[in-house]
Amino acid sequence: MKTDHHVILRVTAKFLIPIITLYAFYVQFHGDYSPGGGFQAGVIFAVGIILYALIFGVVEALRLVPATFARTLALFGFLLYGSVGVWAMLNGGLFLDYDFVIPEGPDGHWGQHIGIIVIELGVLFAVAGSMLTIFYAFAGRAPEIDDEDW
Amino acid sequence: MLIDVLSLLPESWVRHLPVLVVLGPMLLSPICAAMPKWRIAWALALFGIITSSVFAFALLQDVMAHGRVSYALGGWAPPLGIEFAADMLNAPVLVLVSVIGVLATIFAMPTIVQDINEEKRSLFLSAYLLCFAGLMGVAITGDAFNLFVFLEISSISTYVLVAIGGSRDRRAFTAAYNYLIMGSLGATFYVIGIGFLYAATGTLNMADMASRIPEVADSKTIHAGFAFIVAGLALKAAMFPLHQWLPNAYTYSPSFVTVFLSATATKVAFYALVRLLFSVFSPELEFQQVVFTWVLAPMAAVAAIACSFQAVFQTNIKRMLAYSSVAQVGYMLMGLSLASAAGLSASMFHMINHALMKGALFMAVAGVVMSLGSSQLKDFAGVARKAPWTATALGISALSLVGVPLTAGFLSKVALFQAALMQDWWWAVVVLAISSVLAVLYVGRMLETVFFKTPGPAQLQVKEAPLMLLIPLWVLALGSIYFGLDASFITSLTDGAANVAFSGGQP
Numbered sequence: 455m456k457t458d459h460h461v462i463l464r465v466t467a468k469f470l471i472p473i474i475t476l477y478a479f480y481v482q483f484h485g486d487y488s489p490g491g492g493f494q495a496g497v498i499f500a501v502g503i504i505l506y507a508l509i510f511g512v513v514e515a516l517r518l519v520p521a522t523f524a525r526t527l528a529l530f531g532f533l534l535y536g537s538v539g540v541w542a543m544l545n546g547g548l549f550l551d552y553d554f555v556i557p558e559g560p561d562g563h564w565g566q567h568i569g570i571i572v573i574e575l576g577v578l579f580a581v582a583g584s585m586l587t588i589f590y591a592f593a594g595r596a597p598e599i600d601d602e603d604w
Numbered sequence: 006m007l008i009d010v011l012s013l014l015p016e017s018w019v020r021h022l023p024v025l026v027v028l029g030p031m032l033l034s035p036i037c038a039a040m041p042k043w044r045i046a047w048a049l050a051l052f053g054i055i056t057s058s059v060f061a062f063a064l065l066q067d068v069m070a071h072g073r074v075s076y077a078l079g080g081w082a083p084p085l086g087i088e089f090a091a092d093m094l095n096a097p098v099l100v101l102v103s104v105i106g107v108l109a110t111i112f113a114m115p116t117i118v119q120d121i122n123e124e125k126r127s128l129f130l131s132a133y134l135l136c137f138a139g140l141m142g143v144a145i146t147g148d149a150f151n152l153f154v155f156l157e158i159s160s161i162s163t164y165v166l167v168a169i170g171g172s173r174d175r176r177a178f179t180a181a182y183n184y185l186i187m188g189s190l191g192a193t194f195y196v197i198g199i200g201f202l203y204a205a206t207g208t209l210n211m212a213d214m215a216s217r218i219p220e221v222a223d224s225k226t227i228h229a230g231f232a233f234i235v236a237g238l239a240l241k242a243a244m245f246p247l248h249q250w251l252p253n254a255y256t257y258s259p260s261f262v263t264v265f266l267s268a269t270a271t272k273v274a275f276y277a278l279v280r281l282l283f284s285v286f287s288p289e290l291e292f293q294q295v296v297f298t299w300v301l302a303p304m305a306a307v308a309a310i311a312c313s314f315q316a317v318f319q320t321n322i323k324r325m326l327a328y329s330s331v332a333q334v335g336y337m338l339m340g341l342s343l344a345s346a347a348g349l350s351a352s353m354f355h356m357i358n359h360a361l362m363k364g365a366l367f368m369a370v371a372g373v374v375m376s377l378g379s380s381q382l383k384d385f386a387g388v389a390r391k392a393p394w395t396a397t398a399l400g401i402s403a404l405s406l407v408g409v410p411l412t413a414g415f416l417s418k419v420a421l422f423q424a425a426l427m428q429d430w431w432w433a434v435v436v437l438a439i440s441s442v443l444a445v446l447y448v449g450r451m452l453e454t455v456f457f458k459t460p461g462p463a464q465l466q467v468k469e470a471p472l473m474l475l476i477p478l479w480v481l482a483l484g485s486i487y488f489g490l491d492a493s494f495i496t497s498l499t500d501g502a503a504n505v506a507f508s509g510g511q512p
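Residue numbers (my numbering), protein chains in the order written: chain A, 455 to 604; chain B, 6 to 512.
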């Protein structure tokens with residue numbers, strides 16, 4: 455049997471990655487009324503994937519989350535954020551005025567709640583996607599000069 | 006002379022104008038990045054920037070008709086919320102940046118085919134749109150911290166744009182890295198300064214800050230904040246001796262990036278400096294007068310002479326024009342440090358003219374480089390014979406750079422001289438005159454090579470630049486002539502800007 459030096463790392467990582475991901479969503483969904491939010495959650499979520507890439511290799515990580523998916527996620531998150539602003543404008547409010555996100559009376563403030571949650575989701579996608587894209591860009595970069603060429 | 010764009014727009018759009026000038030390019034940027042075909046991305050970029058320039062024109066007319074326009078983002082009223090505010094000081098800057106943006110985007114079509122690898126072109130255009138949106142944001146925002154955010158958006162995408170030149174010339178990487186370090190220092194200094202001001206005044210809104218600073222103007226906090234802000238923005242605007250990032254960044258980046266940056270980025274940073282110095286701080290403050298007389302004016306004088314002198318000895322034509330840009334920033338700072346309405350108006354006038362002529366010069370150089378493959382001055386020998394249209398536009402803009410009568414550059418230099426004489430700054434007139442003579446030397450050397458030297462075999466292979474390049478080039482060159490004959494439109498704008506600045510930027 456081939457010995458595996460990293461067996462402890464692998465087992466621990468497998469145990470930790472779901473918890474990290476879950477924690478990311480915990481931070482995400484508390485972001486609208488307590489410390490936390492999309493940025494931190496996005497970083498934590500990306501860290502889970504990056505840990506996976508460090509332990510099991512970038513190739514495996516790329517099978518799990520392809521580079522194009524990460525990039526598209528970032529773009530989608532950015533657009534989601536912007537479209538909430540435009541949506542409020544179309545409903546007759548100012549840019550990003552959450553009071554106009556859903557039709558409700560002048561006393562209703564559910565729009566504020568929904569608006570901030572959608573915005574934070576946009577931030578989550580954008581940050582997680584960007585972090586992964588940056589990581590892939592560094593990790594996937596082949597050295598231009600081999601060590602033997604020196 | 007303007008078409009009444011404002012009345013053509015739907016009523017409901019008009020109140021959103023301040024945010025619309027930024028929104029289109031910013032939201033199109035991620036869509037561009039996802040485009041598999043770069044030509045579609047290019048069309049989207051052009052569309053976004055054209056809409057942005059239409060809105061900028063409409064906003065200018067709105068401001069001219071009704072005065073200051075304020076927009077509360079998210080419905081949170083200023084000074085608590087973030088405010089986008091347009092007045093006569095920034096509306097002309099928005100128009101300038103967006104018009105240059107449209108011309109540069111048309112110019113981009115033929116040049117990025119040569120300069121940038123195919124798989125990077127969509128991403129490149131996406132970064133360009135972000136940079137554009139960031140510059141527009143710096144110009145429109147009425148919030149001091151928000152200005153920092155937009156400054157970073159535009160700067161970070163600029164580093165990317167410069168570094169993309171690395172696939173052709175590896176030196177672009179070091180240039181971009183150098184720019185990154187210097188630019189980050191500038192942004193950090195700016196935000197430290199804003200931190201001090203926030204500590205002293207308790208507000209981030211510029212108009213609110215302006216009304217609170219006089220009470221606390223004697224505190225060390227305000228002085229330190231002021232020093233940090235001036236140093237940070239001067240770095241971004243390439244004030245001597247903080248201009249070291251500029252020559253390499255302009256020389257090694259793709260020609261499209263050079264055109265766009267030279268005509269917009271330093272101009273917007275200069276606007277930000279004017280905004281902070283005149284409508285947040287006030288020229289009546291004692292420490293500000295000290296800075297004007299003993300820091301900005303001497304540095305401007307050194308820049309105008311030393312960098313013109315350096316330009317004379319450059320062998321690379323792009324680098325020569327880059328040094329000339331630093332010298333021209335010196336002219337603008339000289340006008341600014343007069344701390345008079347006439348001086349500020351003259352330096353804004355020179356800023357607009359410089360955007361026109363430097364944009365055209367870099368475009369014309371790019372047009373020749375496309376078929377020549379070199380930007381060394383000696384390789385430009387006699388290219389006018391093979392590319393007369395490109396070379397003529399180059400000649401017109403170069404004459405405007407020197408300040409030959411009947412060109413826009415002449416009028417703005419005269420305006421600067423007059424403003425300096427009004428305060429008996431004879432030495433400033435002498436400095437600017439010496440700098441102009443040096444400009445005759447380096448421009449003369451360029452024109453002599455281009456028009457009168459005998460072309461070698463390589464130069465005979467030079468072809469006329471493509472039409473997509475000639476159109477924006479000639480629009481800019483003819484602009485330099487038109488505003489040299491009748492500058493009343495620009496001077497009415499810059500006089501308005503100076504009035505706003507000296508009334509403290511209050512609504």
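Any given hint could turn out to be false.
[Stated by the list, open to error] Counterexamples of contact, computed for chain A against chain B with all Cβ distances above 12 Å:
| # | residue |
| --- | --- |
| 1 | H460 |
| 2 | T475 |
| 3 | Y477 |
| 4 | V512 |
| 5 | P520 |
| 6 | L550 |
| 7 | D553 |
[Said to hold, decoys possible] Computed from the model, here is a short list of chain B residues facing chain A with C-beta under 8 Å:
| # | residue |
| --- | --- |
| 8 | V24 |
| 9 | A39 |
| 10 | Q315 |
No wet-lab data here; the hints were simulated from the structure. Predicted, not measured: the structure shown is a model, and the values here were computed from it. By construction, the Cβ of each residue, glycine as well, lies at the ideal position given by its N, Cα and C atoms.
Verification of the hints:
no.	hint	in the structure
1	H460	35 Å, holds
2	T475	25 Å, holds
3	Y477	28 Å, holds
4	V512	20 Å, holds
5	P520	14 Å, holds
6	L550	4 Å, violated
7	D553	6 Å, violated
8	V24	4 Å, holds
9	A39	5 Å, holds
10	Q315	34 Å, violated
Comparing the model with each earlier hint shows violations of hints 6, 7 and 10; every other hint is respected.
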